[in-house]
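Dock the two chains into a complex; use the hints.
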Amino acid sequence: MDFDGTALWACAELDGRRLHKDVADGRLVFDCESCETRLLSPLSQFLIETLEQQTRPVSTAEMVRAVHVEEPEASIQECLKEVEEALGALVEAGLLRAVAA
Amino acid sequence: MKVGDLSLRELRRTLAGPGLRLATGPFGCQLQSPIAAVAPELARLYAEHELLDETAFIDFYVKVAPSSGLRRWIRPKAIFSVDGVHPFTPLPADQALPMLEWGLNWCVTAYCHHLLVLHAATVARGPHALILPAPPGSGKSTLCAALVNRGWRLLSDELTLIDLRDGRVHALGRPVNLKNQSIDVVRRFAPEAFLSRPVHDTTKGTVALMAPSPQSVAASREPAWPRWVALPRWRAGAPTRLEALPPGEAFLHLADNAMNYHILAEQGFEALGRLIDGAEAFHFSYSDLDEAIATFDHLADQA
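Protein chains in written order, with our numbering: chain A, 1 to 101; chain B, 1001 to 1303.
So that you can see chain B by itself, here it is in the shape it has in the complex (with noise of 0.2 Å):
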């Protein structure tokens, strides 16, 4: 049974009460909110996910729960819990659906130290990952939801779960976060793509978040190899190109973006250098979107 079976009105009931248990990728999250704006677009964000039984391993027990007192009426504000401890100072109500977006990513690398984790997007075609290492504001998140609404399995937009048994890298499956500009540039880029009314005056500017695909969803449980590394830069105007990237700069660029790598020491130095073993690193700069998935399927083409 998928999230998409509930009805609005068990979806509503289940988060208020015991809390919506659903896999994503390798982990089991038990999801609580009874704040009743959050259930509508979760419906739609989450829809093509597998439901969890009652016997199912939660990793993780996150709730984002109203704030009580005055601030309940007055400019209220929204609180994110996991496992009972509050990670993060209360936001606005109005962001109760990206905090527990954020806030389950925050789980992810607060405890995730089996796994070397990535600031990173990947996607990936066939058995061939793509991971996207960037910092916030080149175009990382635009490009991955472009991809993705092009043929391109989403394993996620910004956790990247390298195994460090094999080197596989694992999906996660969940919405795409969005901000600013790239909001309406997806929105004209994949007019059938869902996103979730946008989110304004957060700490990231407007937020919005994409449904992944759902044979993306579908495929969550299968890793994949990486296979490239492209560092994405958009910039206005600018021509398309890819540049090769000399293995040992693509590694300190991925140490960069490693959130645990100084946590895991030596694993995620090996992790690391078996990773740019395998893979081919580049310099990607672009403007346009549709010459940028053209550049990538040709990567995958020739694969």
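Isolated chain A, as found in the complex (with noise of 0.2 Å):
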């Protein structure tokens, strides 16, 4: 997957009814179709609403903004690193998907 930093991102619309539950490290993903549980970090956590909280597709490069708003001490590089792992976590769990500029 390249994240080149422009790349936009929507949640996905789900298929099935899907629960949540935030806990101290992270937020727990119920999908009631497969019965699966995903743990996912709070840096995806946050990541996934922060989209929420948008209309529109958001990009790589604002969610980096967005992590080293919160995250000042981390390098830009570090943030975008941790981003990119985390976006690929949330594209595999089915949870996010990419959206054609």
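Hints are computed from structural coordinates only; laboratory data are not their basis.
Since we're looking at a predicted model, the values are computed, not measured.
It cannot be assumed that every hint is accurate.
[To be verified] Label pairs and their computed distance ranges (CB to CB):
id: 1; chain 1: B; residue 1: D1301; chain 2: A; residue 2: G5; range: 51 to 57 Å
id: 2; chain 1: B; residue 1: Q1302; chain 2: A; residue 2: E85; range: 34 to 40 Å
id: 3; chain 1: B; residue 1: E1266; chain 2: A; residue 2: C11; range: 19 to 25 Å
id: 4; chain 1: B; residue 1: R1075; chain 2: A; residue 2: H20; range: 51 to 57 Å
The beta carbon of each residue, even a glycine, is placed where N, CA and C say it ideally should be.
So, in structure tokens, the structure goes:
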């Protein structure tokens, strides 16, 4: 997957019902159809919440900036690396989709 | 009246005839077995269990019977059945007693979807339950047996029953399954405990059953609140270490150890969510049982 900062992201339209529960170490997401449970990292949880607050797709660069605001001691490069990993996990979990620019 | 109030002759006749009706926590069980060797050890293992009268509801009608035909004399086998169904292949006749225990566990996991069933031991101090979920070989049953022999109440060594309505843990109060080296470890640790004769060459290795303490059986209808979850890991020479486990991770471990999580679906997710909200979770590594018990006693004293 190519994260160059301009890719746009939106929450996936979920085909089945999902439940979630926020816990100290992230967000538990339960897929009611597959009965699979995932634990999203706090960063993944933050990214999902950021997307949920928007009515439009959000770019990788915007998410990196949002993370950097929360974690000013980390460099942009560090934030980018972490965001890329979290985006990959969210796509794999079916919670996020890439949007054509 | 308790099982221990029956003479061995009465117990044998009941097991071979109409069946022994007894309460194990929330379940009524009727046990039948014409295999003569079952009665003496069952008498010790279930001595404190209350007998049920003929009007009591029975959840599981189980039987361990000898095989018929040639198998009756040459390498005899025992056959487990519940309500006339045979879920297992026959086992050597000397495994009849452990087979009865495994069969009762099977009944709970196969039929009891009004509860969330975890593959975990649970013990309690006062109203607070300590849940020990772990795969075989982690020292779960050994630790459970040790705690029970030092004042903790046994709820179950194998199946933890979570009430879907209020989240409390129901007790089973049945014998503790010990395997291989843990048999001698528990014998040395608690020589006063009753352990059945070891049965060798089972699919789990050598197994023996430890009788639950009288106070555990007496309180087996009292549920307890989940207060701690500890994932035990025995390692030779390991220092005793209790490390906090984040709740999300604890949830995943519990879900992995839940027998019917996929069947209960949303109810299972919600039940485990409530459990981790109310319980502290830990990784627990140990090699010394006395230190392990001191660790959990300390936790309980602080609760």
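Right, here's what the structure says about each hint:
1. B:D1301 x A:G5: 51 to 57 Å: holds (55 Å)
2. B:Q1302 x A:E85: 34 to 40 Å: Given about 38 Å between the Cβ atoms, the range holds.
3. B:E1266 x A:C11: 19 to 25 Å: holds (21 Å)
4. B:R1075 x A:H20: 51 to 57 Å: holds (55 Å)
The structure fails none of the hints (numbered hints given earlier).
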